Amino acid sequence: MKKPACLLFMKMFYAIALMTLISSCKRTTDDQARQFFLTDDWQIQSSDSIKTTGDLISTEGFVPEKWYKTTVPATVLSVLVDNNVYPDPFFGMNLRSIPGTDYDLYRNFSNLSMSEKSPFRVPWWYRTEFQLPADYNNKSVQMHFRGINYRANIWLNGKLLADSTEVAGCFRVYEFDITDYAKFSGNNYLAVEVFAPRKDDLAITWVEWNPAPPDKNMGIWHEVLLTASDPVKVRYPQVVTEFDLPSLEVAHLNVSAEVQNYSDKPVRGTLKGTIENIEFTKKVSLGANEVKVVTFTPDEYRQLNIKNPRIWWPVHYGNPDLYTLKMEFESGGKISDSQSINFGIRQVTSELTGNNYLLFKINGKNILIRGGGRASDLLLRTDSTRLETEIRYVKEMNLNTIRLEGKLENDYFYDLCDKNGILVMPGWCCCDHWEKWKNWDAEDHIIAGKCLRDQVRRLRNHACILTWLYGSDYPPTAEVEKMYLEVFKENNWPNPHQSSAALKPTEVTGYSGIRMEGPYFFTEPSYWLLDTLRGGAFGFNAEIGPGASIPKMESILEMFPADHLWPVDDYWHYHARGGNPAKMLDIDNAALNARFGKAKNLEDYVKKSHMQAYEGKRAMFEAYARNKYISTGVIQWMMNNAWPGVYWNLYDYFLRTGGSYFGTKKACEPLHIQYSYDDRSVVAVSSFLETYKGLKASVSVLNFDLKEKYSNTVTFDMEPDGVKRLDTIPEIKDLSVTYFVKLELKDSAGKIVSSNFYWLSTVKEVFNWEKSYFWTTPMISYPDYIALQSLPEVRLEVTGKIDTEKAEGQVRIIVSNPSDKLAFGVNVMLANNDNGKEIIPVLWDDNYFALLPGEKKELTATYTGEKLKEKNPVIKVAGWNVSTVNVSL
Numbered sequence: 001m002k003k004p005a006c007l008l009f010m011k012m013f014y015a016i017a018l019m020t021l022i023s024s025c026k027r028t029t030d031d032q033a034r035q036f037f038l039t040d041d042w043q044i045q046s047s048d049s050i051k052t053t054g055d056l057i058s059t060e061g062f063v064p065e066k067w068y069k070t071t072v073p074a075t076v077l078s079v080l081v082d083n084n085v086y087p088d089p090f091f092g093m094n095l096r097s098i099p100g101t102d103y104d105l106y107r108n109f110s111n112l113s114m115s116e117k118s119p120f121r122v123p124w125w126y127r128t129e130f131q132l133p134a135d136y137n138n139k140s141v142q143m144h145f146r147g148i149n150y151r152a153n154i155w156l157n158g159k160l161l162a163d164s165t166e167v168a169g170c171f172r173v174y175e176f177d178i179t180d181y182a183k184f185s186g187n188n189y190l191a192v193e194v195f196a197p198r199k200d201d202l203a204i205t206w207v208e209w210n211p212a213p214p215d216k217n218m219g220i221w222h223e224v225l226l227t228a229s230d231p232v233k234v235r236y237p238q239v240v241t242e243f244d245l246p247s248l249e250v251a252h253l254n255v256s257a258e259v260q261n262y263s264d265k266p267v268r269g270t271l272k273g274t275i276e277n278i279e280f281t282k283k284v285s286l287g288a289n290e291v292k293v294v295t296f297t298p299d300e301y302r303q304l305n306i307k308n309p310r311i312w313w314p315v316h317y318g319n320p321d322l323y324t325l326k327m328e329f330e331s332g333g334k335i336s337d338s339q340s341i342n343f344g345i346r347q348v349t350s351e352l353t354g355n356n357y358l359l360f361k362i363n364g365k366n367i368l369i370r371g372g373g374r375a376s377d378l379l380l381r382t383d384s385t386r387l388e389t390e391i392r393y394v395k396e397m398n399l400n401t402i403r404l405e406g407k408l409e410n411d412y413f414y415d416l417c418d419k420n421g422i423l424v425m426p427g428w429c430c431c432d433h434w435e436k437w438k439n440w441d442a443e444d445h446i447i448a449g450k451c452l453r454d455q456v457r458r459l460r461n462h463a464c465i466l467t468w469l470y471g472s473d474y475p476p477t478a479e480v481e482k483m484y485l486e487v488f489k490e491n492n493w494p495n496p497h498q499s500s501a502a503l504k505p506t507e508v509t510g511y512s513g514i515r516m517e518g519p520y521f522f523t524e525p526s527y528w529l530l531d532t533l534r535g536g537a538f539g540f541n542a543e544i545g546p547g548a549s550i551p552k553m554e555s556i557l558e559m560f561p562a563d564h565l566w567p568v569d570d571y572w573h574y575h576a577r578g579g580n581p582a583k584m585l586d587i588d589n590a591a592l593n594a595r596f597g598k599a600k601n602l603e604d605y606v607k608k609s610h611m612q613a614y615e616g617k618r619a620m621f622e623a624y625a626r627n628k629y630i631s632t633g634v635i636q637w638m639m640n641n642a643w644p645g646v647y648w649n650l651y652d653y654f655l656r657t658g659g660s661y662f663g664t665k666k667a668c669e670p671l672h673i674q675y676s677y678d679d680r681s682v683v684a685v686s687s688f689l690e691t692y693k694g695l696k697a698s699v700s701v702l703n704f705d706l707k708e709k710y711s712n713t714v715t716f717d718m719e720p721d722g723v724k725r726l727d728t729i730p731e732i733k734d735l736s737v738t739y740f741v742k743l744e745l746k747d748s749a750g751k752i753v754s755s756n757f758y759w760l761s762t763v764k765e766v767f768n769w770e771k772s773y774f775w776t777t778p779m780i781s782y783p784d785y786i787a788l789q790s791l792p793e794v795r796l797e798v799t800g801k802i803d804t805e806k807a808e809g810q811v812r813i814i815v816s817n818p819s820d821k822l823a824f825g826v827n828v829m830l831a832n833n834d835n836g837k838e839i840i841p842v843l844w845d846d847n848y849f850a851l852l853p854g855e856k857k858e859l860t861a862t863y864t865g866e867k868l869k870e871k872n873p874v875i876k877v878a879g880w881n882v883s884t885v886n887v888s889l
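Counting from 1, position 464 in the sequence shown corresponds to residue 464 in the working numbering; the numbering is continuous, with no gaps.
Keep in mind the hints are simulated off the structure, nothing from the lab. This one's a predicted model, so the numbers in the text were calculated from it and none came from an experiment. Virtual Cβ for every residue (Gly too), placed ideally from N, Cα, C. You may find that some hints are simply not true.
[Unchecked claim] Here are the simulated distance ranges between beta carbons: (1) D734 - T713: 18 to 26 Å; (2) D48 - E279: 52 to 60 Å; (3) N872 - A787: 35 to 43 Å; (4) E279 - N137: 26 to 34 Å; (5) D679 - T713: 16 to 24 Å.
Put together the whole structure using the sequences plus the hints.
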């Protein structure tokens with residue numbers, strides 16, 4: 001039977017990841033405490049099929065018959081899907097066919113118990129065999145689990161290492177001393193009995209973002225590894241930066257590390273730190289089994305006052321420069337242990353404005369936060385290649401922030417954000433046991449505190465971390481908040497932290513300065529500048545968005561069976577927030593049909609949806625940019641989907657980019673010109689920290705027949721991180737019902753640095769403000785863009801050439817409009833000439849643009865893979881009213 005394309009796509013990406021992991025697993029390094037990853041050669045099986053116990057399963061004599069092979073990390077369901085036990089859960093309604101997915105479509109599964117028939121209601125066993133490296137002999141050996149969901153009994157070589165009272169909590173990071181359990185020659189046998197989270201556990205949950213997997217992501221979902229050291233082990237090195245703000249001439253570094261003596265005898269030695277050519281040491285004495293935190297202050301060690309440092313900056317503000325700290329403990333003339341970390345010299349602070357809006361500062365500079373809420377893969381699968389692409393997408397969209405609500409990624413994710421200057425807002429999830437503080441028992445308090453402690457230690461050195469939200473839709477109770485604050489203090493958290501993403505003050509810390517008042521469904525572009533009560537462009541909004549993001553046609557064909565492609569039905573609604581009874585797509589589709597004309601077929605629907613998504617995302621981000629720093633931050637809900645979705649994303653699950661992506665990219669250009677839907681003003685916005693002189697803006701208003709009705713040019717200088725109103729378009733008589741505004745911004749050398757094209761209507765939208773609520777503001781009437789359906793077909797001229805001199809594959813493309821008609825919504829892609837499919841990932845500097853008669857546009861497509869020529873590429877150009885053109889390269 002032919003496998004659905006969803007599964008083929010997933011297997012392609014995760015096969016690449018598996019090869020990468022296998023090539024690095026079960027190897028040691030001198031640094032990072034001789035890490036030894038236990039990645040491959042795992043097997044899993046249900047406890048229903050095994051009538052024995054961990055003391056036997058973790059021995060040489062146990063033979064795992066009919067177990068499912070896997071690598072780790074892997075949740076139980078992901079292993080079963082990979083072993084073809086269940087069909088591709090991402091295709092159509094297949095997820096509902098998997099046992100245990102019989103919960104009500106409209107219920108939050110995280111708050112429900114598994115059914116009695118669920119195969120995941122019972123524990124599942126993970127088992128592997130491994131040999132220790134030869135250089136582990138005569139050393140202290142530790143076993144690390146970076147993520148188990150949710151409880152586990154862990155057995156090694158027939159002995160219980162830890163039970164489920166000790167191993168509980170999905171965000172815990174566990175370390176066990178296995179020196180007395182391990183075999184230093186021959187095989188070791190590890191067995192882990194994993195229990196799924198219950199409805200009253202502090203687990204990984206999906207709320208209403210998408211359907212939840214029936215196993216509730218039970219399993220070993222992060223790495224398992226071993227480390228070894230001589231008696232003293234170095235842990236948790238940290239560097240904290242302080243500047244004499246506003247001056248950035250000197251960085252004062254506070255360095256610390258924890259050292260632990262694993263022996264039953266006192267040890268004396270020297271802890272040495274190295275940052276490039278800077279060294280610092282301290283004598284340390286440890287009693288038997290003692291743990292001690294050793295600090296190095298800039299007052300005590302003058303070399304830690306670094307003049308003219310390379311400063312870490314987020315995207316658009318400067319380079320995300322990183323340093324490396326190496327900490328070594330030396331005793332008796334030999335290195336007992338060493339740890340290295342990368343860190344950025346930067347300082348993050350926050351304050352409340354006069355309106356109680358949260359404002360972040362990086363190195364003393366105000367920053368408008370613009371980002372999206374990220375979703376992990378629904379089955380918690382990761383791979384380095386996909387992560388690299390997604391972080392590159394964020395940067396290419398000119399966004400600077402990713403929010404993580406209860407889906408905390410692996411270390412490589414944060415490393416990539418460090419290197420790319422992307423800020424991260426991690427925190428706990430909403431709408432589940434994490435926010436049911438009044439129902440917490442003593443164990444919940446302990447687990448929550450330890451989860452936060454472990455994540456603080458893991459993330460505090462990453463330059464990318466902006467803040468931590470220890471509440472989401474609601475702030476915690478005073479008791480829990482005080483506990484969290486103590487954890488931050490005890491573990492030297494260097495960044496801000498907020499009580500929630502909501503406008504609800506606490507009796508402990510007051511206002512967080514963040515709000516989340518919606519909207520989440522379709523939103524007219526003018527809303528963001530007109531609304532003054534909910535989601536409008538003021539303050540810091542931690543999750544809002546203008547609704548649907550319909551994928552491209554190729555993705556739709558990979559999501560749904562042929563008999564559910566059109567019209568939109570329950571299959572579509574299932575992939576829009578899991579079949580929520582509100583059927584959000586109905587709201588977006590009603591707007592689309594009223595604004596652009598009723599969709600005639602699937603192709604017409606996709607075309608119109610992408611233009612509606614383009615203008616919707618562009619309008620939201622532009623509004624917040626125009627109003628900075630009355631507006632201080634906006635997080636699009638969401639950045640991406642955990643599975644193939646049709647709602648809340650800026651790029652689709654298959655990594656195809658469409659209207660949402662390019663509307664966002666356009667709006668967030670670091671030097672940008674834009675139109676205001678509320679007062680017809682034309683505004684320039686800069687996200688750079690330098691001044692630009694001699695800029696020239698041009699404004700043109702065109703009737704539907706393309707006759708110019710107004711024009712103006714303005715020359716001006718742009719201040720750092722500035723906003724400047726350049727012009728206000730007057731009221732114009734005799735405009736067509738649908739008309740256009742074209743904006744262009746040139747630098748002092750005459751180079752175009754920003755261009756923008758708007759379709760507008762003399763028929764004004766009317767909001768039903770009285771019925772505005774959390775999800776949306778209903779519309780009484782819509783603007784009229786139906787005339788766009790009558791645009792005559794245009795055939796464009798296209799040329800292209802592969803630039804072989806660049807490190808990354810680049811294609812230089814020129815698209816020209818030789819006609820006397822408008823080419824609207826022009827979409828350019830690279831396709832494989834053998835099968836016609838779009839080549840992904842490809843990074844475009846612009847797309848979904850318009851070309852007036854006689855205009856041409858030069859584009860650059862950057863291909864991040866290797867050997868583009870081997871894909872037999874062609875340039876494929878299409879659009880709203882553009883004949884499809886294929887040009888060979």
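Hints versus structure:
| no. | hint | result |
| --- | --- | --- |
| 1 | D734 - T713: 18 to 26 Å | holds, 23 Å |
| 2 | D48 - E279: 52 to 60 Å | holds, 58 Å |
| 3 | N872 - A787: 35 to 43 Å | holds, 40 Å |
| 4 | E279 - N137: 26 to 34 Å | holds, 31 Å |
| 5 | D679 - T713: 16 to 24 Å | holds, 20 Å |
Against the hints set out earlier in the document, no violation occurs for any number.
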